[in-house]
Amino acid sequence: MNTAKPLSGYRVIELGQLLAGPFAGSLLAYFGAEVIKVEPPGGGDPLRNWRQLKDGTSLWWRSLGRNKKCITLDLKSAKGQELAARLIDGADVLVENFRPGVMEEWGLGPERFKTTNPGLVYTRISGYGQDGPYASKPGFASVCEGISGFRYLNGFPGEAPVRPNLSLGDSIAGLHAAFGVTLALLSRQSSGTGQVIDVALYEAMFNLLEGVIPEFDGAGVVREPSGTTVTGIVPTNTYRCADNKYVVIGGNGDSIFKRLMRAANRPEMADDPRLADNVGRVKHEQEIDAALAAWCGSLPSAEVLSRLDEGRVPAGPIYNVSDMLEDPHFNARGLYEQVQINGEPLKIPAMLPRLCDTPGETRWPGPDVASHNDEVLGELLGLDEEQRQALRREGVI
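Just so you know, we're using numbering that gives the first Met the number 0 here: the sequence shown kicks off at 0 and counts up by one.
Rather than coming from a laboratory, the hints here were simulated on the basis of the structure.
Just so you know, not all the hints are guaranteed correct.
Stated by the list, open to error - With a Cα cut of at most 30 Å, we get these calculated DSS-like pairs of lysine-lysine: (1) Lys-346 x Lys-68; (2) Lys-68 x Lys-113; (3) Lys-4 x Lys-113; (4) Lys-68 x Lys-4; (5) Lys-113 x Lys-75; (6) Lys-53 x Lys-113; (7) Lys-75 x Lys-4; (8) Lys-346 x Lys-4; (9) Lys-68 x Lys-53.
With these hints in hand, go ahead and build the complete structure from the sequences.
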């Protein structure tokens with residue numbers, strides 16, 4: 000196995016806070032980039048205090064902040080802006096997720112670096128993008144998931160759209176940003192120059208809408224929410240079993256459907272010509288779902304899944320986090336990494352995708368605020384101890 004990482008040798012400056020930009024930074028750091036995270040002096044990134052805390056720090060932060068060198072700079076001060084500019088001048092990539100225009104107000108917009116660092120990949124993440132009539136609107140993930148079209152599809156007909164209990168818009172935008180960075184770095188190998196990447200949360204979610212747009216434009220069809228099913232694909236649904244546990248069954252292939260109905264003791268439906276293809280099954284969706292619901296409801300979930308496994312039908316349980324941590328397949332696939340926090344072990348998720356020759360890794364968990372001030376400001380920017388102490392007294396770091 001090659002010990003070098005795919006992004007080894009690249010330096011990334013991460014500005015901004017909370018989730019979208021920092022998630023992109025985590026992905027880049029996991030696969031070898033040197034990521035220098037700039038936080039405000041004092042408390043640092045607010046996410047350090049979100050959700051479950053241990054010893055005064057968010058457990059989530061220990062995962063999201065992994066592999067990052069954390070420094071503090073007051074970007075609202077002239078000296079902080081000057082130091083940030085020096086860092087960016089020596090970087091390959093900048094990731095920022097401030098409101099459009101803020102970086103320009105601080106003298107840190109893309110134009111500032113075109114001559115001093117023409118190879119810079121300048122990555123911008125915002126709610127609605129850097130231009131257009133909504134650019135200046137605040138764009139949290141929840142709002143952007145709504146306007147993107149994603150939330151409309153999520154839930155049950157006639158009820159309020161449902162929010163997944165995750166900040167999907169932020170994480171999906173972070174994935175798009177990290178992908179954009181790798182594309183821009185590849186492009187730089189031939190062009191010699193960097194470029195600006197403009198990622199919008201609502202557009203990242205818009206990118207997941209599959210056939211929704213062409214189906215409306217070409218056929219006038221507005222896809223509606225469909226509860227636990229997927230519109231136009233039958234059967235694929237969630238069913239309650241006799242032990243009150245749920246299973247997910249995906250029996251929408253023609254041959255799979257036959258095996259599913261035989262496993263469910265309904266051979267007559269397996270051989271019914273009305274149900275031989277997906278078009279027919281969509282027409283008779285309620286009949287199929289009723290049969291499967293009755294079968295699942297008569298058996299405990301383990302028995303349902305065992306019979307479906309025997310029939311080679313895609314099916315599985317609905318896991319919570321405790322189930323995942325105990326599952327032998329999750330563990331065999333290496334989905335958990337263990338770090339040490341103040342001498343105590345903590346499991347955090349591995350980051351994907353898995354590369355066989357140059358895999359990513361967690362080298363250290365999310366560090367404390369300003370942990371790398373001396374290394375970055377001293378060794379990288381050449382500020383001696385007296386200069387750093389002066390900046391601390393002034394509140395710049």
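Do the hints match the structure? See the list:
Between Lys-346 and Lys-68 the CA atoms are separated by roughly 20 Å; this keeps the pair inside 30 Å, and the hint holds. Simply put, Lys-68 and Lys-113 have alpha-carbon atoms about 25 Å apart, close enough for the 30 Å limit, and the pair holds. With a CA separation close to 28 Å, the supplied pair Lys-4 and Lys-113 stays within the 30 Å bound. The suggested pairing of Lys-68 with Lys-4 holds, with an alpha-carbon distance near 17 Å, which does not exceed 30 Å.
For the hint linking Lys-113 to Lys-75, the alpha-carbon distance of about 22 Å falls within 30 Å, and the restraint holds. Taken as a hint, the Lys-53 and Lys-113 pair is broken in the structure, with Cα atoms around 43 Å apart against an allowance of 30 Å. In summary, the hint linking Lys-75 to Lys-4 is not supported, as the alpha carbons are separated by about 35 Å, beyond the 30 Å threshold. Note on Lys-346 and Lys-4: the hinted pairing holds, with a Cα-Cα distance of about 22 Å set against a maximum of 30 Å.
Distance restraint check for Lys-68 and Lys-53: the Cα-Cα separation of roughly 21 Å lies within the 30 Å cut-off, and the hinted pair is therefore satisfied.
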